[in-house]
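So you can see what is in the structure, the chains are spelled out below.
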Amino acid sequence: MISKKFEFYFLALFSGVFTSFYVLMDAYGLKALVPDPYVYSFLCEWIGLITCLLYLLVLSIPTTIKGKKRPIGYYLDPYFQGLKIPRGKSLQYILGAGLVASVSTITYFIAVSFSDPSMMLPLMNFSTIYLLIIDFIREKDVPSAIEIESVLSVTLGAFLVTLSKGKIDPYTIIITLVIMNGCSTAYTAFMKKLQEISENGKKNDSLNLRFWSLFFLTLSLSIMLIPFLDKARIEMIQKLFFSPMIFIFFTVNMGFAFLSYVMYIRALGKGKMSIVNAVVSINIVLGIPLTFLGVKLAPNVFESISYDAFLWTIKIVGTIFVIVGILALSLSEVKAYILLRTSSKHAANILEKIYKIRGVESVAAVAGDYDYIVKLRIRTLGKTYNIIVWEIEKIEGIIQIMSLPIIKEWEIP
Amino acid sequence: MGKIDAYIFIEVEIGKSEHVLNELRKLGIVKSVAFVTGIFDVIVRVSVNNLEELYEATVNYIHKIDGVKRTRTHIIEKELKQEG
Chain G
1 MISKKFEFYF LALFSGVFTS FYVLMDAYGL KALVPDPYVY SFLCEWIGLI TCLLYLLVLS
61 IPTTIKGKKR PIGYYLDPYF QGLKIPRGKS LQYILGAGLV ASVSTITYFI AVSFSDPSMM
121 LPLMNFSTIY LLIIDFIREK DVPSAIEIES VLSVTLGAFL VTLSKGKIDP YTIIITLVIM
181 NGCSTAYTAF MKKLQEISEN GKKNDSLNLR FWSLFFLTLS LSIMLIPFLD KARIEMIQKL
241 FFSPMIFIFF TVNMGFAFLS YVMYIRALGK GKMSIVNAVV SINIVLGIPL TFLGVKLAPN
301 VFESISYDAF LWTIKIVGTI FVIVGILALS LSEVKAYILL RTSSKHAANI LEKIYKIRGV
361 ESVAAVAGDY DYIVKLRIRT LGKTYNIIVW EIEKIEGIIQ IMSLPIIKEW EIP
Chain X
1 MGKIDAYIFI EVEIGKSEHV LNELRKLGIV KSVAFVTGIF DVIVRVSVNN LEELYEATVN
61 YIHKIDGVKR TRTHIIEKEL KQEG
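Residue numbers (the working numbering), protein chains in the order written: chain G, 1 to 413; chain X, 1 to 84.
One or more hints might be untrue.
Claimed, not checked - Taking lysine-lysine pairs in the DSSO-like style, the calculated list, with each CA pair at most 30 angstroms apart, reads:
#: 1; chain 1: G; residue 1: LYS345; chain 2: X; residue 2: LYS78
#: 2; chain 1: G; residue 1: LYS394; chain 2: X; residue 2: LYS16
#: 3; chain 1: G; residue 1: LYS5; chain 2: X; residue 2: LYS26
#: 4; chain 1: G; residue 1: LYS296; chain 2: G; residue 2: LYS202
Said to hold, decoys possible - If you want the ones that stay clear, here's a sample from chain G, every Cβ over 10 angstroms from chain X, calculated:
#: 5; residue: PRO78
#: 6; residue: LEU229
#: 7; residue: SER362
#: 8; residue: VAL363
Bear in mind the hints are in silico, worked out from the structure with no lab data behind them. C-beta: ideal position from N, C-alpha, C; glycine also.
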């Protein structure tokens with residue numbers, strides 16, 4: 001049994017760690033192995049798709065876990081039951097996720113080719129704020145003041161860390177803020193939705209979601225890449241595709257990406273989108289030591305790091321913002337059980353009324369000493385109190401409220 | 001046949017919490033264990049196939065754990081729950 005909250009932050013943090021690995025590998029690959037971004041992404045997606053399928057097949061091998069026959073992938077996602085073809089609504093959302101991901105990839109290449117990309121990476125961090133707004137709109141999942149503060153702190157911190165010297169170009173800013181961030185927000189929202197719906201009573205697992213969204217991403221990206229693939233590039237792809245060195249590089253690179261996405265998608269199923277994105281931003285901070293390592297290991301590939309005092313002050317301030325924000329997020333969650341007694345002539349739809357209250361994770365009508373057991377998940381005890389007093393007391397028929405704050409909790413997945 | 005879910009509230013003797021937790025973890029029907037402050041010390045959520053199983057678990061297992069002073073079982077009749 002592990003604590004649910006621990007599991008959520010573990011998944012989001014490690015998604016960030018694996019992201020920093022493959023981002024570094026991408027930086028290396030683009031400079032040392034395949035300098036052409038179009039060829040690079042074509043190879044990366046196709047080899048990635050093939051290796052992803054291989055990973056999935058290996059993870060489908062049945063084994064015995066706790067006396068039950070389960071695929072090895074159970075360790076990565078308990079809902080995984082082998083490769084399955086998406087259907088119905090799930091298929092639509094996966095298709096959507098693949099499409100928006102390919103649009104943002106191609107937009108990135110086009111934007112880089114005509115403008116200064118140094119502003120793109122910092123501005124891309126702002127998609128977390130878009131997610132915060134979506135979390136706001138979703139009725140049952142309203143962020144609290146401390147969440148907004150923390151998410152903003154992380155986002156601004158990430159912006160500062162990734163900031164580098166460059167020109168401010170209005171086209172780049174508009175493209176990044178509208179297309180790139182719009183696409184990545186849509187991708188996250190699709191994945192969140194996919195975690196919530198189920199097909200034939202079975203929940204979608206992150207491993208299949210990753211594979212199928214990559215499948216559609218690769219297909220649509222390949223179609224969009226066609227106009228850019230001239231004769232020289234096609235020859236380069238033909239030559240590099242069968243090079244063992246390149247194949248191994250992308251297998252490892254996309255292995256990290258695979259783990260990163262699987263954990264990201266699973267974390268999305270457990271918490272708010274903006275918080276997952278904020279915690280994953282840790283990869284930007286981890287990128288700093290990893291770049292130092294890169295310079296040490298491959299000095300000819302990575303440019304030596306600038307020691308501009310001003311830039312470093314900004315980076316350090318940004319790092320502090322990111323870390324403080326993530327810590328504040330992870331420490332602020334409070335859960336509680338609320339026990340209720342009702343009078344004999346209470347309203348019939350009391351269960352629904354309680355469930356509509358923000359912060360209520362579950363409500364059960366029970367037989368025993370009490371009549372209802374409510375489980376709350378909120379950010380501060382002060383807010384709990386407000387929920388109890390104002391919202392629950394307003395419901396007609398409730399005569400006694402007993403609150404039991406949870407100190408620690410373990411859950412079986 | 002649907003499963004029956006229930007909350008079991010447990011009052012624990014001072015200093016025996018760790019032991020009670022470890023014993024509860026061994027029980028296969030347990031879905032979650034929460035330490036709380038208030039009139040009870042531990043809230044356990046269980047999922048069983050029938051009432052017989054619930055009876056067995058409470059009377060023959062939980063009541064026999066050293067440190068358990070008192071339990072109150074609440075069987076869930078209907079529940080609304082958020083996914084995830």
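Structure versus earlier hints, numbers of those that do not hold, lowest first: 2, 4, 7, 8
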